[in-house]
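Next come the chains, spelled out residue by residue.
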Amino acid sequence: MRFCLDADQVALRDAVRDMLALECPPALVRAAWPPGDPAAVAALWRDLARMGLFGAAVPIHCGGLGLGETDLVPILTEVGYAAVPLPVAETMAVAAPLLAATGDPGGYLPGVLAGTTRVAIAGAGDLVPYGMLADLVLVLRDGRARIVEPLTTAVVSTVDGSRAAARLALPSAGTVTDDPELVDLCLDRADLATAAQLLGLGRRMLDLTVGYVGTRRQFGAPIGSFQAVQHRLADALLGLEFAMPAVLAAGWALAHRTGSRRQDVSIAVLLAGDAARTMAKTAIQCHGAIGYTVEYDLHLYAKRTWALAASCGTDSHLDRLAAALDLPKGGFP
Amino acid sequence: MRFCLDADQVALRDAVRDMLALECPPALVRAAWPPGDPAAVAALWRDLARMGLFGAAVPIHCGGLGLGETDLVPILTEVGYAAVPLPVAETMAVAAPLLAATGDPGGYLPGVLAGTTRVAIAGAGDLVPYGMLADLVLVLRDGRARIVEPLTTAVVSTVDGSRAAARLALPSAGTVTDDPELVDLCLDRADLATAAQLLGLGRRMLDLTVGYVGTRRQFGAPIGSFQAVQHRLADALLGLEFAMPAVLAAGWALAHRTGSRRQDVSIAVLLAGDAARTMAKTAIQCHGAIGYTVEYDLHLYAKRTWALAASCGTDSHLDRLAAALDLPKGGFP
Amino acid sequence: MIDLVDTAEEARFRTSARAWLRANVPSPPLPSGDTREGFARHVEWERRLFDARWSVVSWPERYGGRDASLWEWLVFEEEYYAGGAPQRVTQNGIFLLAPTLYEFGTPAQQDHLLPRIAAAEDLWCQGWSEPEAGSDLAAITSRAVRDDAAGGWRLSGQKTWTTRGAFCTHLFGLFRTDPTAGRHRGLTYFLVPLGAPGVTVRGFGRLDGDEGFAEVTFVDVLVPDEAVLGGVGNGWRVAMSTASSERGLSLRSPGRFLATADRLVALARSRAEALSPRLRDRVIRAWVGAQAYQMFTRHQVSAMLDGAQPGARASLNKLFWSELDIELHETALELLGAEAETDTAWSRGFLFSLAGPIYAGTNEIQRTIVAERVLGLPRAP
Amino acid sequence: MIDLVDTAEEARFRTSARAWLRANVPSPPLPSGDTREGFARHVEWERRLFDARWSVVSWPERYGGRDASLWEWLVFEEEYYAGGAPQRVTQNGIFLLAPTLYEFGTPAQQDHLLPRIAAAEDLWCQGWSEPEAGSDLAAITSRAVRDDAAGGWRLSGQKTWTTRGAFCTHLFGLFRTDPTAGRHRGLTYFLVPLGAPGVTVRGFGRLDGDEGFAEVTFVDVLVPDEAVLGGVGNGWRVAMSTASSERGLSLRSPGRFLATADRLVALARSRAEALSPRLRDRVIRAWVGAQAYQMFTRHQVSAMLDGAQPGARASLNKLFWSELDIELHETALELLGAEAETDTAWSRGFLFSLAGPIYAGTNEIQRTIVAERVLGLPRAP
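Residue numbers (the working numbering), protein chains in the order written: chain A, 17 to 349; chain B, 17 to 349; chain C, 3 to 383; chain D, 3 to 383.
Don't take each hint at face value.
[Said to hold, decoys possible] Label-pair distances were calculated between CB atoms; the ranges are:
#1 D:Pro109 <-> B:Gly236: 38 to 48 Å
#2 A:Gly275 <-> B:Ala185: 46 to 56 Å
#3 C:Met3 <-> B:Pro75: 14 to 24 Å
#4 B:Gly84 <-> C:Met306: 23 to 33 Å
#5 C:Ala140 <-> D:Glu134: 29 to 39 Å
#6 B:Ala185 <-> D:Val201: 43 to 53 Å
#7 D:Thr17 <-> C:Asp345: 55 to 65 Å
#8 D:Arg287 <-> A:Ala185: 48 to 58 Å
#9 A:Asp342 <-> C:Trp22: 54 to 64 Å
#10 D:Asp5 <-> B:Gly236: 48 to 58 Å
#11 C:Gln311 <-> B:Arg18: 15 to 25 Å
In short, the hints are calculated from the structure, not lab data.
Model, not experiment: these values are computed from the prediction.
Note that the Cβ used here is the ideal one computed from N, Cα and C, for glycine as well.
Next comes chain A alone, as it looks inside the complex (with noise of 0.2 Å):
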């Protein structure tokens, strides 16, 4: 048993972590705000492109890097942290390896490769975070994996104003796989790139509020030294402790194709929503009226938390967790 990141990923995780500090500080996700610059940000979709981010899960002799979703975790909890406001999960840990293993029938792997193709996926509904920045969407329903170009984009105003949301019409044609170990293996690492970026908001909330209250003073004291905050923090670094080696595990649990894997991912996304919303609560309530505006960076990962928790699926995920448990399924009589 061993159960911690070797040299290689540690080297990636902080290139990664280096490069988003640099390139995609608060100011670049506000830029990804309407009315915006857009330029900004499609420029960061092309340095994440040149340091081979979009092929990190595609096969070596398909020109990609060849890791695994254990070696994504940490990857993508890096995006999270910076609330990259581009589709680099989407793209990277689902689509990109997905055109892989298919054989890529429409020829879109080069151009995801070189950052010149985004790809998002298509939520509930309707309803496609940065559906209005992707060329091609992914629908993951009824057991098909399908890639299509959308028909019709309208805009959708959203409280995450970097998410880029559209409403879009898609072509019914378009399936890439039925297979339905890689069509499960899809929603997996989509559900994986949504833990791991909840960790990844929830770490960056966590010191944005410690650096706060380390310094704000109220009633003569730093108000990070009262109890009410100490024990709160506390709680909420003690979510996202119990959080993140589950997340690590469910990625190895995917990469290696275990049978507990969907289950693993589960409880990933059980733990990593919970901990991610306790901690947004946390920061905006130890931060006082400060985190409540739009000019602190806070809400910026607050509300990229929330949209991404509210994708989650918890139902889902506890009917999974009792089937596997040999508990009754949810719904009503």
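We have chain A already, so just place chains B, C and D on it with the hints.
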């Protein structure tokens, strides 16, 4: 609209409170724990009878005080506050008015009023709290109310040793009524009595804890001056304060047989159950190790709280409210 | 005495309020009052309310009210929110400043200001927080210096995090009149027109989209003696009276949460495909919370009519409603699933609800008040 | 490197442990170890474990162990609790004192004491708390005075809330050797036989039925120099090492909670009539918590094998396992419904779980440690 106790209600509550403070101190609750002092416990029952309490909810023309459920709430709260180790709520609030309403076919009422007959209520299965002390058992099942003398009695060891619980074999005859409205009323009164006692127990634990943390010093200050303790107790108080009016309102709804009475009872049970359970946990934690000893009194009240809360039937109350709100009934598909 | 149904008079009042609201509540609903245009539409609505004498039902007739009882006021609030009527953009004036004016104002101040508040002619915002004085309100440094020659006071300093400050016409708040006195002493409560020379209002966005969230700067702003409310140096006491209103009943009547809870239940019914048993329970418990708040306030109103002062117990209200409001909205967003991230009344309501545990004294401050002043725990060292 | 399956060697170890446990775990289960008679039966079991070299698998062979790796120790703990084996009444000696002895003991102390701990010959209890020193451990007043003539130390004072103190043979704890030094200074860690003249042990019941919960009084108790562990005046540092063991991994391995979670799931399956969707979700989430604790400890063990010291992070373990343990048991009691009030393994386990957030430093203390030493927040004033 008007929502406060009147002078008579306050006077009766205060009389019960004063009497129980004197006659049912922690030492008397301890006397009910095995091997204990059965004579002392029996004396308390006689004292309660002398106050006329067992006739509280019996019409005046049947020899009672003619009070309604609204009046019972403050009395039962005091019974909870003192953790009276006897089936007072069962006899006073449920059995006695039932006997009166059904014309007392078994001729039990005079003994109940005189304090020579104690009535317990059968719980789940064959478990009867206070079964060891009861002359009669009220069984509320299958749309019938039965009042029976137990056939056999086997003592049961319980967490709260002052509950005198027994497993009883009961005869299947003895139906007092199968009027659904009257049977429901018995169930509602039992629930109301549980909620009111939980409020009182919560108050008792709060008082003990506020007293302790105000004097116990650590780190050079009373522990009640630390935010961690202050804020936790503030939250526990909040639960109790917001449950109390709901319980009183449920009593009023029962007394006036309003259309929403059953859902008001469910609201009361849910709020009082949560508040008392939270208070118990808070009290133990704020006390630290001393609260974990049986020499200290807190456990007497915490264990009664757990016993009553365990009998609350949370899910059935949620289902009842679901029906009232036109939401689906619980269960599995 | 307990009697939880309307008296004949209350029932008449309810019927009358319901009828008027049914005929007059704007449909479709007004746009958000958090933009300048939306705010103007809301002010129009407030004036319509006033014209029909529904803007301040519990006030004396001479100020535009109906001399309604506290019970009737609760009834009106229930009907108002159940009828889907707009949030009250006049709330700072009506529910916070006015109770303070009734308690501390001179007859001249009352006669001048109250009708203008009722009629939405003056639109008030709060001036409590400063950049270095949030939770620690006693740390404020904005000051007022007596100018005998001009016959008034000269204000300077900065107030911030002022809800709708950019759209309002007046501000009430604390200024330090005696810089030598200790924290809570030497403060005076001032009433300031935002149009006065030397006042600058800078709006900056709020997380929930309120564009009127503002920072207000005072440079040598001259106000007359009549701008002092409750006496020079008495500001803390006067402000605490406002704070008690803000935390307690008057700002957040149960009607608002009962209506939200009912809308939540309706949402749950309408989203059968998303409604899991878990969410059903969450909906029920949130609804139960709204009922609990109603019972609690009824009990509190009865006690107030018997002469009790809520005092520190107003902090119990504030803790409860602020957490209830978040729970109601979070539950709705869970029902909406992935659609929760779109900009809807529920998502905007959720963002707004997050301010509840922060403004009017953070919930941490409230818990300390409850612990020390309701439970009597020893004060923090 | 991540590899979350047993190596071949670990798998062999697991098989071997499982086989021995399957053949030897007492059935029916032993009575509670909280009575004198039950305790004696548990000590017999501990000696059986020792005879088969399963009592201290990670210790060197010369002390009765198997030189097992930390991973193998985790494996053993999983198998031990999954097999329904009894709680370890030797835990204070094996999991708390022994790690401290390995770190601070002299070779003579190690050679003398460790085999006796492994073999359950010496049964250790803790002597931290005093009536006026609970959370505030540095406030202890029990003292040890040097007696040069007798060649040792004379102990006096009182320790209290000592789990199973009435049944144990030895106590470790802090005594003040320099009354002039400040709170954390001037303390020394002593190892004391409870049979020594001048020691009185008074048992008093504990809420969960532990009759061995005790108060230990020392009146002029003479102990030799060898009774000092880690040097005179160095007691705080030595004690913090023990505390870190108590809070962290060594006292509460995931195996215990994984086994409880599995029993909870089995209970849920067996009580279909009581299992509502709400309780199903609660069961699942509690089970998820146990899995999270396992992943966390695996990650922690990997870090420790790479040289990291858990240090203040042990407080994270303690917060998590203590709350998890309550949640597992509360959920079980809800499944049991009205039967929950009867005296069962679950109800006893619930009462025991409530001590988790209290002993080994209350969870309030742990949260402060996490805030100040893990997050680096400013210290409380």
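Q: Run the structure past the numbered hints and jot down the numbers of the failing ones, going up.
A: As far as the earlier hints go, only 8 is violated by this structure.
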